[in-house]
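Chemist: Keeping their order, the protein sequence lines are chains A and B.
Quick note: the first sequence uses the working numbering, first residue 1, plus one each step.
Quick note: the second sequence uses the working numbering, first residue 1, plus one each step.
It cannot be assumed that every hint is accurate.
Each computed BS3-like pair below joins lysine-lysine, with the alpha-carbon atoms no more than 30 Å apart [as the list claims (entries may be wrong)]:
1. Lys333/B to Lys450/B
2. Lys77/A to Lys248/B
3. Lys511/B to Lys103/A
4. Lys60/A to Lys506/B
5. Lys90/A to Lys512/B
6. Lys77/A to Lys103/A
7. Lys77/A to Lys90/A
8. Lys90/A to Lys445/B
9. Lys4/A to Lys512/B
10. Lys512/B to Lys60/A
11. Lys333/B to Lys256/B
12. Lys60/A to Lys256/B
13. Lys27/A to Lys279/B
14. Lys103/A to Lys445/B
15. Lys60/A to Lys178/B
16. Lys103/A to Lys248/B
17. Lys450/B to Lys256/B
18. Lys445/B to Lys4/A
19. Lys103/A to Lys375/B
20. Lys256/B to Lys506/B
21. Lys506/B to Lys89/B
22. Lys248/B to Lys60/A
23. Lys90/A to Lys178/B
24. Lys90/A to Lys511/B
25. Lys90/A to Lys333/B
26. Lys60/A to Lys89/B
27. Lys60/A to Lys445/B
28. Lys90/A to Lys89/B
Covered stretches of chain A, going by a simulated chain B footprint (3 or more residues, C-beta under 8 Å) [claimed, not checked]:
29. 41-53
30. 57-66
Because the hints were derived from the structure by calculation, they are not lab data.
The C-beta atom is built at its ideal place from N, Cα and C for all residues, glycine as well.
One letter stands for each residue in the lines below.
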Amino acid sequence: MSGKIVVGYDGSAAGRRALDFALARAKAQDSSVLIAHVLEWSPYSFLTPDELEERHVRRKEEMARAETAVIGPVLEKLKDSGVEITTVIKYGHIAEKLAEIAKDSGAIQLVVGRDGHGSLAARVFGSVAGTLVQIATVPTTIVP
Amino acid sequence: MQTYIRTALAALGVTLLGAAPALAQSIDEQVNALFASSTGWFVNFIFSSFPGTNFPWIVGWLVVAATIFTFYFGFVQFRFFGHAIALVKGDYSDPDDAGEVSHFQALATALSGTVGLGNIAGVAVAVGIGGPGATFWMILAGLMGMASKFTECTLGVKYRNEYPDGTVSGGPMYYLTKGFAERGTPGGKVLAVLFSIFCILGALGGGNMFQANQAHAQLTNVLGDYPGWITGIIFATIVFAVIIGGLKSIAQVTEKVVPIMGVLYVGTALIILLLNYDKIGWAFGQIFEGAFSGLGVAGGLVGALIQGFKRAAFSNEAGVGSAAIAHSAVRTKEPITEGFVSLLEPFIDTVVICTMTALVIVITGQLMMDPETGKFILNEAGTAIKTVGDVSGVALTSAAFSSSISGFKYVLAIAVILFAFSTMISWSYYGLKAWTYLFGEGKTKELVFKVIFCIFVVIGAAASLGPVIDFSDAAIFAMAVVNIIGLYFLMPIVMRELTSYTQRLKTGEIKKYA
């Protein structure tokens, strides 16, 4: 066992490619994989009174949905992969949170996918991969 | 036969069309007369003066309470101001709680319920009647009110109801019941019921009719005169779509646009002040001089003071109890942290935004002054200061802003309508919470309240400002009567929280995450 690879996974095709890449690396160098799923969330967004009241319930539902729809299926699929896999679901700014998870878990590498589309949107809002290039504190691989 | 019907229908149509303006006018008048006569007694009671003076007892009640809380908690609003900002920034939030309601979100939602027409129209009314001096008393009342807000919001979180499904309900009705029971003091339930009744009236008054009324005034200011019930029906339809139709998107859009509007409003006010920078010193001079002499306004010093205090209370709602409902949903292990955060609310609302409005009105010279005596000229009735355009309320603010930046009245019209709308949505929620406290939860019961709420939108837009503003103030102040009695009994509990929290902050048990 040598080190841990964190992979950002959101259930998309790009996320899947990143995960495959991470798994191949992990097998080759006998590492473990931490699958991180981050739900976009800003504590500075504006909510209506009704949304405030229901927020705690909604959060539970969102966590449960992430567990069953995103993390559950991939764990099921990878249970015979022979790689030690752990998972984590967090709320926050996706790129910042991934960088933080990689740092806090002492990972040797962070892997994220990118969909390569929407360059205009990426220019305006910034992309996860682009932001990670700037802020990641561990070596980061971006899988196209 | 068919031709007959057609002719008859056509004739009817012509008659209706011809009669429409007169009909419309008379609907407005009837609504107005009925409304004024049926609410007069309530208004008279709330605003009755101390015997032998013209000082309404309710204003004294609020200011005395704010002063007591300020001293009792050792000027908590100044000592913990910085800490409150750190809390809002999330410095003390557990990262594992991400995704839950943050301090910032609770504050922003509560603010969008309070920042509204009180800041634009209410201040104009205050300055129009009480002169620039009213601003001084308004700021003072705002600073003191921070302590009232701190007290009620701490209790709101501490005694909120958390249901098995994870939703939360909080507010004075819950702390009055549970807090009193905990202390073994009788009467909590009675106060809670009274509060709920007044809260429903306040929701229909200040949280609804006043908003609809001033939104209409603003619309006629931009579009020209037309009957109020038309605005009422349009507004009622949108409110209906949101609170009954579940059209959340409208509420969400408003919730996001309102803060931007708030920043735009303050920003524009600052620009106007900068454009008139040479008069800023003079304006503050007027405010101080007016505060202690009245500068010839109706009622003199006391007139200025009453207007200032009244508007501050109406605008920031400190001591009223409404904020305690809005702040209850925050995720925190320490109820008192929400108290600290909430004390920023009167500051932003009154000390910053209301003061901006007042300064712009004073500095742009809307209030007519006799150059010989340096005193204000009163209108014919002697009730308010004569203004340049003979206007009051939101129209006065609009005139003041437009005199420096032409065309701003359109921006202001949009701001007023959005503020009015977001305040209505917030108050429909407060009113509903009080309603369900009284009658229990349930789809039909909630629907009844929501329909009543929509009907009052129409009434509010159709009635004239006088009776509406009186009733709105009266209902909201009635909430404060009950709430503050409760706060006096429960303030030792807040004190215990404060002592314990300060202790743990000192020893480092409560630490920063960021």
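Chemist: Each hint needs a verdict: does it hold in this structure or not?
Modeler: Consistency of the hints with the structure:
Straight-line distance between C-alpha atoms of lysine 333/B and lysine 450/B comes to about 33 Å, which puts the hinted pair past the 30 Å bound. The suggested pairing of lysine 77/A with lysine 248/B is violated, with an alpha-carbon distance near 38 Å, which exceeds 30 Å. Distance restraint check for lysine 511/B and lysine 103/A: the Cα-Cα separation of roughly 22 Å lies within the 30 Å cut-off, and the hinted pair is therefore satisfied. Of the pairs offered as hints, the one joining lysine 60/A and lysine 506/B is violated, with about 34 Å between alpha carbons and a cut-off of 30 Å exceeded.
Restraint check for lysine 90/A and lysine 512/B: the C-alpha separation of about 20 Å stays at or below 30 Å, so the hint holds. Of the pairs offered as hints, the one joining lysine 77/A and lysine 103/A holds, with about 27 Å between alpha carbons and a cut-off of 30 Å not exceeded. Restraint check for lysine 77/A and lysine 90/A: satisfied, since their Cα atoms lie roughly 22 Å apart, inside the 30 Å limit. Proximity of lysine 90/A to lysine 445/B is assessed by CA-CA distance (about 38 Å); at most 30 Å being required, the pair is judged violated.
Distance restraint check for lysine 4/A and lysine 512/B: the Cα-Cα separation of roughly 29 Å lies within the 30 Å cut-off, and the hinted pair is therefore satisfied. Distance check on the hinted pair: lysine 512/B and lysine 60/A sit about 26 Å apart at the alpha-carbon level, within 30 Å; holds. Under the criterion of a C-alpha separation no larger than 30 Å, the hint pairing lysine 333/B with lysine 256/B is consistent with the structure, at around 28 Å. Using a Cα cut-off of 30 Å, the hinted pair lysine 60/A and lysine 256/B holds, with the two alpha carbons roughly 24 Å apart.
With a C-alpha separation of about 75 Å, the suggested pairing of lysine 27/A with lysine 279/B is violated against the 30 Å cut-off. For the given pair, lysine 103/A sits about 52 Å from lysine 445/B by alpha-carbon distance, which is inconsistent with the 30 Å threshold. Our distance criterion of 30 Å between C-alpha atoms is met by lysine 60/A and lysine 178/B, whose separation comes to about 28 Å. For the hint linking lysine 103/A to lysine 248/B, the alpha-carbon distance of about 39 Å lies beyond 30 Å, and the restraint is violated.
Our distance criterion of 30 Å between C-alpha atoms is met by lysine 450/B and lysine 256/B, whose separation comes to about 23 Å. Of the pairs offered as hints, the one joining lysine 445/B and lysine 4/A is violated, with about 56 Å between alpha carbons and a cut-off of 30 Å exceeded. Between the alpha carbons of lysine 103/A and lysine 375/B the distance comes to roughly 68 Å, so the proposed pair goes past 30 Å and is violated. Annotation: proposed proximity of lysine 256/B to lysine 506/B is violated, straight-line Cα distance about 37 Å (limit 30 Å).
With a C-alpha separation of about 20 Å, the suggested pairing of lysine 506/B with lysine 89/B holds against the 30 Å cut-off. Our distance criterion of 30 Å between C-alpha atoms is met by lysine 248/B and lysine 60/A, whose separation comes to about 20 Å. Between lysine 90/A and lysine 178/B the alpha-carbon distance is near 35 Å, which puts this suggested pair outside the 30 Å criterion. Among the hinted pairs, lysine 90/A with lysine 511/B is consistent with the structure: their alpha-carbon atoms are about 22 Å apart, no more than 30 Å.
Of the pairs offered as hints, the one joining lysine 90/A and lysine 333/B holds, with about 20 Å between alpha carbons and a cut-off of 30 Å not exceeded. Annotation: proposed proximity of lysine 60/A to lysine 89/B holds, straight-line Cα distance about 24 Å (limit 30 Å). Simply put, lysine 60/A and lysine 445/B have alpha-carbon atoms about 28 Å apart, close enough for the 30 Å limit, and the pair holds. Of the pairs offered as hints, the one joining lysine 90/A and lysine 89/B holds, with about 20 Å between alpha carbons and a cut-off of 30 Å not exceeded.
As drawn, the region 41-53 of chain A meets chain B at 12 residues by the rule of a beta-carbon pair under 8 Å; at three or more, the given contact holds. For the region 57-66 of chain A, the stated coverage by chain B holds: 5 residues have a C-beta nearer than 8 Å to a C-beta of that chain, and at least 3 were required.
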